[in-house]
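S.K.: In case you want the letters, here they are:
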Amino acid sequence: MNIWIKILYAVISVLVVTIYGLTLGGIVRKIYARVHGRYGPSVWQPFLDIIKTHGKRVSISHGYMFYLGPIFRLAGGLGTYLFIPVIFGSVVFSNFSIAGDLLLVMYFIFFGQLGMALGAGEGGHPYSPLGIARGLSQMTAFEVPFSLAVIAIAIQYNTFNLTTIVAAQQGSILNWTLFTNPLAVVAAMISLLGMNMHPPFSIVLAPQEIPIGPPIEMNSSFLATLQTNRGLFTAAKLILFMNLFFGGATNLPIMIIKTFLIYMFSVFVGASFPRFRPEQSMRFFLKWPTLIGVASIIFIAYF
Amino acid sequence: MIFSLILGFLLLIIGLYGMLTQKNLIKIVIGFSIVDTGTHIIIVSIGYLSGKTAPILDSTVDLANAAKQVVDPIPSALVLTAIVIGLAVTALMLSFVIKLYQKNKSLSIDDYQELKW
Amino acid sequence: MVNPIYILTLSLAAGFLLTLIDKSGRKLSLTVFYGILSLNVFIIGEWFYRLTFLNTPTVIINTAGFSAPLSINLQLGMQEAFVLLFANLTALLSAVYLFKKFKETHISGLILYLIMIVGVNGLVMTRDLFNMFVFSEILSISTYALITLTETKKSLSAGFKYMIAGGIASTFFLLGVTFIYYFTGNLNLDFIHLGNFSNLGFISIFLLAIAVFIELKPFPANGWALDVYEAVDSGIVSVIAVVNSAAIFFVFYKIMPILPQNFLNVFGIAGVITFFFSNLMGLKQKNAKRLLGYSSIGQIGLLVASLIFTMHLPRSLMYLIVGGFFFNHLIAKAGLFWITGIVKKENLKDWNVLKNNKPLLVLFGILLFALAGFPPFAGFWAKWEFVKMLVHGKMFFVVGTILLGSLFEVIFLFRWFTLSIKGDEKTEHKNISLELSKMFPTTIFAGITILISVLIMKFFYDFNWLHALPVLAVLIINVIDFLPSKIKGILSLAAVLTYGYLIYPLESNIQLFFGIIFIIGSAINIIGTLNRKGKSEGFYGLLLMMIFSFGNLLVAITYLEFFLSWEFMTISSFLLILRGKKAQKASMLYLIFSTAGAYLMMVGFSLAPDLVSNSVLILSISNVSLPIAATILLSIGFMIKSGSLGVHIWLPEAHAEAESDVSPFISAILLKAGVFGLLMVGISYIKHTPSFDIFYWIGWIGVLTAIVGAFLASFQEDAKRLLAYSSMSQVGYIVASIAILSHLGWLSAMYLSFNHMMFKSALFIAIAGVYYRTHTRTMYEMGGLIKKMPLSFISVLIMIIAVSGVPPLSGFGAKWLIYSSFIEKGWYLQAGVLFFASGVSFLYLYRIIHTIFLGQLKYEHQNVKEAPIWFIIPQYIFIIGIMAISMFPNLIIQPLNSIAMRYFNSSIIIDGYTISSSLGYWNGNLVMYVTMGVFVVPLIFLMLFNGRMQKVKQFNIVYAAERPESPQTTHVAHNMYAHYRKALGGWGKPRIWDFWHEVSEWSHSLADSIRQLYTGNGQTYILHIIMYVIVIYFISGV
Amino acid sequence: MIKRIFILLALVGLVLMFIPFLRDFDFHKELSKLSSQYVEGSINDLNTQNVVTSVIVTYRGLDTLGEVTVLFLTTAGVGFLLRKKKASLKTRRSSELLQTASQFLFVLIILTGIFIFTHGHLTPGGGFQGGVLITTAFLLLILADVNLKFNYSILHFVESFSGVFYVMIGLFGFLILGMNSFLDPTILPLGNYGKLLSAGAIPVIYSLIGLKVGSELTTIIDKMGGE
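Chains as they are written, first to last, in this note's numbering: chain F, 1 to 303; chain Y, 304 to 420; chain B, 421 to 1458; chain W, 1459 to 1685.
Since the hints were made in silico from the structure, they are not lab data.
Glycine included, C-beta positions come from ideal geometry on N, C-alpha and C.
Careful, some of the hints might be misleading.
Quick partial rundown of chain B residues pointing at chain W, CB under 8 Å, derived from the structure [what the hints assert, rightly or not]: (1) Leu437; (2) Ser491; (3) Ser528; (4) Ser562; (5) Ile623; (6) Pro640; (7) Leu1443; (8) Ile1446.
The calculated label-pair distances, taken between Cβ atoms and stated as ranges, are [what the hints assert, rightly or not]: (9) Pro211(F) x Thr1198(B): 22 to 32 Å; (10) Arg1481(W) x Asp414(Y): 41 to 51 Å; (11) Val1419(B) x Phe260(F): 54 to 64 Å; (12) Ser1111(B) x Val91(F): 52 to 62 Å; (13) Val782(B) x Val1473(W): 52 to 62 Å; (14) Gly445(B) x Asp414(Y): 38 to 48 Å; (15) Lys814(B) x Asp414(Y): 50 to 60 Å; (16) Met1459(W) x Ile1430(B): 19 to 29 Å; (17) Met1459(W) x Lys520(B): 41 to 51 Å; (18) Thr1198(B) x Tyr64(F): 25 to 35 Å; (19) Lys520(B) x Asp361(Y): 52 to 62 Å.
Distance condition first, Cα-Cα at most 20 Å in a straight line; then the derived SDA-like pairs of lysine to any residue [unchecked claim]: (20) Lys30(F) x Ser272(F); (21) Lys56(F) x Val1378(B); (22) Lys371(Y) x Ser1490(W); (23) Lys56(F) x Ile1360(B); (24) Lys521(B) x Arg1541(W); (25) Lys1402(B) x Pro200(F).
Taking the hints into account, I'd like the entire structure generated from these sequences.
M.R.: This is the structure we're talking about:
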């Protein structure tokens, strides 16, 4: 295939998913507001926010790493998304998944986080490293059940190839990992709560202690970049989960429904629970979800 | 002569007992002397052959058959050396005692144990 | 050819006449004195030469015109000549050492000394038991008297105790001799036969043997000897410890043929016990001379044991072992005692006067290394062969005891050494005066030690000259040490490259790969050392020694060659670490663990079957099936060097406290030696699958090392310590991947090794640059340095991305390979732990870059500059390397694939840039392009549409509308992951450290309680002797 | 107390160790082969009436040389230890009677001593015994007058030269009769059995030993006496 066509497809894919992701973000804010008994912002608020922040007249930078931080972040989101085959069988949405397998996606997630952390670090505000330290710590913790689940899947399907994994789940709803390997799915879904940083795992951006956390020094276009990424990156993660555990999607509407439902799970939990302290959060992940993950591996490998 | 052998061992033990229990340096040296003496007696007594004469082959001994008539000359020769050496060691020990006393005005072995561990 | 009887008579006659000669002036008597001593050496030297090299038969000299057994006869054979030569030489040099004393003291001193040597010579040569008694008394009495050469309360009381102990021993001897005569009718050793002994005969022999044995100072009946060693003048004590001991040891050797085997066994074990306990007690010793005393006693114990246990060996081997120990002990101990007399400090802590005294320090070092049995000195070879022999004889208990004892000895000797170099800075001392008469003998002995080492290497083992290269490097660099360090650095760089060129043809495949890590890696790191100012005396010699030893590991053919290079590597790295400012403790830890590891390896190699082929060890090992015990021991040895969990505690200390341009060598390269070794064990292992899957457990250890290392790194405040733990963690990955024993596993292990070499070198050099500018390693004291040191920042940035495994850099390749290999192998839980570890690694990676380079710049660092160019160059070379293999992974994957294919079937397919395993695929090239694309697009966008951006000053931040009061309070850096520590709860405690601390405390207090035996009371010592005799008597079961 | 128990234990242990000697010891009825050879040799080869002397001076001559050396060493050692100048003691002068008697006895004892060491090969006694006797003579003098000063040069001279001559006689044997003949007394004619001038160099050696022992012991006693 011509490389330019491939790039064109990738651009289309990115645009679609970014819009979807941002809309999703708007809906979630609405839901949270309603749960809190507020009216809440418009569903299109994220788009408005991006345009507004980007249009800010004053823009300050603390140095070149600060400048690059948001770019790292967005590149991380873009890359993660681009290495995932989004829709099974679709050429447009297969992205650059030929570059690598599940492991590549898992590690590319860190690309943006690390870059952002560095950029925020140069901002010099104490809240940034505070939030980052918490975020990194929590990340190490929720990665454990998630990676155990991924290992369980790798054992189950004997591959790290995402397309193969999705392919294996086609046919019947009972072929979904959700039903063939429920323990792994439980472990992974719990770690998704941490990944999405909704309560009770919202320690990184905890509004009472470290208002808005790492991005605190980010402004104007930098903030806009981050906001764009938030939509894209959230969607990318949801798609990854969908592919791994919920049979993937064969067309766009199914993808939207499935990812929406997956997201609703973490929104539902987030709206119902108060926030953990950092060490509580870490202990939580290292206890039950981890045990469930181990159980899933033992179950799938030896029974 | 079993008695002299017993005596020798007895002296040996007595001497050792003295060396182990007496605090006075000079008495320890005396103990050592007794041990020495005991040893010498043991040496001499093993050379004894009952009913035989000293190994000095003068007119009283039949030269042609001398080896049958005398006691063993070797232990006697050895003991002489042993005695002299014992004497030498004792003399040196006593000089040490003198020197120690001159330096520290004490003859108790308990006062000479700053070197340890 | 001078008749050996002259050795006795000339000295004797001179002794008799000296009183008269002295009347015409001390000068004359001194001339006679030294003349006779030299003449003795000459006569014996000639005999030694004839007997050894011209194969002159052993001479037997009868006396009084009668032959033995009627008269007393003397015998001078090769063994006698050997012992006598060194005894006389030591005596002569000791006399030279005592020159000042002899010039002033009473003439009797000279006489006593001269006749003491008569005693030694007679004792060694005579074959008559009673005559031995006489000569031993001559020896003893003169020694007793000479003890008072320095007349102090201590020396007098020590002398008195010595006399009493000696008196008791000679009483037993005399009784033994008497009864032996009675039961055998003979006094001549050659005419006493065991055959027709009655029970009483055995008791007599026992009395004789135990008397000699007591003179050899067995534990615990040796308090008197220790007191003597401590109290007596250094010159005399060296004679007592060396010459006397040698003579009495030889007496033991002479009577051995008439001793029954069960006695010998008991004595052998008693020797081993003596060795063990003396060295254990030495741990607590603070007094230099007493310390040497403990060591001396221990060595004699070892000597006896080695003599008894090697009796059945072929002569040449036995000579190497016993002679090696004997010689080593004799020379080194004499030299060290002399040095104690030059330094004149009792407490070890005061020995830091040596710091400013290079010649003396060098001598001290040589002798100490010799004494501790490090290569290339005689003791090393002896120990190697001895252990081998004991292992073959399945005497594992003895081996264990001896090696543990040796370890203790290394600990206390080198504690002394490190204190001398790095002791407390505060105490000021006057410089030591180096009298020629004292320096001369010491230098001669150090020289002889080296000479003998060379002879053994050349004639006994016939080593390739390459194996002497590490030592030669030190010597050569020492010669040109006056040059500025830059020149020496460039020369060293050239030397390393030349060396690499030289061994290149000897290498193939797997060696070539490690050769690149060892040699090329080192060469690049040498650039970092070019920043040194001044002369850096000794530095480059040690550095070259270490690098050459790395290389020699690769081309070693036999186990011994490998082990030799391994030990050279240990020595040189130990000394390099010791150069660090506060490295005393760190280097000790390193040495202790390395030595323990080396001993395990020694036993491991002894257990290994002989090599069949003559090719390089790493290749020929595949034909050899290592027994399971050998596999375990060798693996532990190698894992100690690679800092695996449980035995890692040396690692952070050594890395942190070494000089900052040395740390990259230690971390990036030295650890790989352990990896190389483990791989070697693995190669043998895969060819033969034993029932017990040891590598399964090694895999777990590796995995746990990775996670614990990562956590520990995250909790550090010290940048170098952080990097050190990071290395531990990374090497944990490598060890675990080796343990997988699969194609993919080894591929990942080698791939990560190569990567780790590059990124850890660069990181350590970067930190070296930062330290050079800021003079601190504590990270929270820095911050915001990105503005001052952008080049270093970029380098650290790239390297931490590489370490973390985030695509697109090469670190991801390692992660991909490792996880694939683990899943493929079926090690699922281990893979889970590694995932966790790799997550945790983000904590420390972020920490090091953030707390140093980001956040708030400190006021005191407002004016720091970019790191010196010499630090920047190697970093950017490594960056180029990392970038190259990130972009084109095939560059490295392909060769590694073919290496791993030697041992396993390939499990990957390389198709263009895509590498596929049975589980997944990865196209490094495409990932790189995509990443660049997604990175560059937003960048361009931002650059185009964010033109109005303005830069702000340091404190211009959203800070509750205030200006922060100081960078310190605004920089979140100290104890950054406190919450994590809290979350870990009890798991976060340093249990392993506590464990080793307890071990150390426990052995020290054990040592302390055992040495309470030595009450200092002469009577107690007699009691010890008598009890000892009785106990041995009943154990021997006469 | 514990120490006492240990001492007792040690001694009991020693007794247990020696008991077999007392219990099972059976005395020889005959001379050992070696001794018989000595007895024969003493008659035939050395012409020495006193077998012990021939053993001491000839067969085990090296021992004896060593023994002399030990004594010499002790002299040197004691001299070395007590090398500081000794203080003169203030004593009452001993009585006229004591002095006269001691001087009278001195000569007598010396003569006896000389007799004993010159006849060592014939009668019991010899160099050591004679030497000791000579010493007692000097001891007598010292006891009679504590502050007595000897002529040390003579003492040293005698001591040194008797030793050197002893060694030289040994070496003569070695030089004249071959390398196995160190201390061989047959360098001098063996003479007639049982006569004073017999047994080759044995009486000479024994006399030298006597002189040496005498002078050495005297020195030792003198050194120690002053302390």
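S.K.: Determine which of the earlier numbered hints do not hold for this structure and return their numbers in increasing order.
M.R.: Number 6 - this is the single hint that the structure violates.
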